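Undergrad: Residue numbers (our numbering): 40 to 220.
Honestly, the hints are just simulated from the structure, not real lab data. Check before you lean on any hint, since a few could be wrong.
[What the hints assert, rightly or not] Here are the simulated lysine-lysine pairs, DSS-like style, with alpha carbons at most 25 Å apart:
no. : residue 1 : residue 2
1   : K72       : K109
2   : K99       : K128
3   : K178      : K166
4   : K141      : K196
5   : K109      : K141
6   : K99       : K72
7   : K128      : K72
8   : K109      : K199
9   : K54       : K99
10  : K166      : K182
11  : K200      : K141
The model shown is predicted, which means the values in this text are computed figures rather than measured ones.
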Amino acid sequence: MGIILAEAIGIYDGKYVAQTQSYGPEARGGSSKAEVVVSDEEIDYPKAMKLDLLLAMNQKSCDEFYSDLKPDGLLIVDSTFVTQVPTQKAFQVPFTRIAREKFKREVVANIVALGALSQFTPIVSSKAIESAVLARVPKGTEKLNRDALKAGMSAAKRAKKIRMKSDVSLEVPEEDLLDSY
40 MGIILAEAIG
50 IYDGKYVAQT
60 QSYGPEARGG
70 SSKAEVVVSD
80 EEIDYPKAMK
90 LDLLLAMNQK
100 SCDEFYSDLK
110 PDGLLIVDST
120 FVTQVPTQKA
130 FQVPFTRIAR
140 EKFKREVVAN
150 IVALGALSQF
160 TPIVSSKAIE
170 SAVLARVPKG
180 TEKLNRDALK
190 AGMSAAKRAK
200 KIRMKSDVSL
210 EVPEEDLLDS
220 Y
């Protein structure tokens, strides 16, 4: 996911970008980390000191990396797996559930998440993320991945709309997001 995001920002949106990743021995289902540093100027250090945005696809990653998020940073979680959210300001979107129910393919959950990410932050354009995804996915899966990307975009738009209406609770009911694609 980090490589696709970095390509979208660097190649298609034309910004400076540095991407690093680390995977523990338990990478499948455990915590893995991809950092994408973005700037309008040359980057002199490829690692993020504090995060402007954290996208947590599972509880372990949310727990482990939340403390790296700036106080005004944006937390986005896959509510399919992240049930203990450390702040009410987080956007909770069921990326994996959308992938399972809409596409019958859990493997596209990351693509759903990338689509949502492009709507939650101006750091990457929707056009750039679509171009990067389509350049990376296996031949014959372009439609599936484009549809997954659009489902993520729709879910994010719906989550933002619901949040704007809500003064008290910032949690978005999963059913409202599932209906959005």
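Undergrad: If a hint holds in the structure, say so; if it does not, say that too.
TA: A quick look at each hint next to the structure:
At most 25 Å may separate the alpha-carbon atoms for a hinted pair to count; K72 and K109 meet this at roughly 17 Å. For the proposed pair K99 and K128, the alpha carbon gap of about 19 Å is at most 25 Å, so the pair holds. Note on K178 and K166: the hinted pairing holds, with a Cα-Cα distance of about 19 Å set against a maximum of 25 Å. Restraint check for K141 and K196: satisfied, since their Cα atoms lie roughly 17 Å apart, inside the 25 Å limit.
For the proposed pair K109 and K141, the alpha carbon gap of about 34 Å is over 25 Å, so the pair is violated. Restraint check for K99 and K72: the C-alpha separation of about 11 Å stays at or below 25 Å, so the hint holds. This hinted pair checks out: K128 and K72 have alpha carbons roughly 22 Å apart, not beyond 25 Å. A distance of roughly 20 Å separates the Cα atoms of K109 and K199; the hinted pair therefore holds under the 25 Å criterion.
Taken as a hint, the K54 and K99 pair is broken in the structure, with Cα atoms around 31 Å apart against an allowance of 25 Å. A hinted pair counts as satisfied when its Cα atoms are at most 25 Å apart, and K166 with K182 qualifies at roughly 15 Å. At most 25 Å may separate the alpha-carbon atoms for a hinted pair to count; K200 and K141 meet this at roughly 21 Å.
Hint compliance for this structure: hints 5 and 9 are broken, all remaining hints hold.
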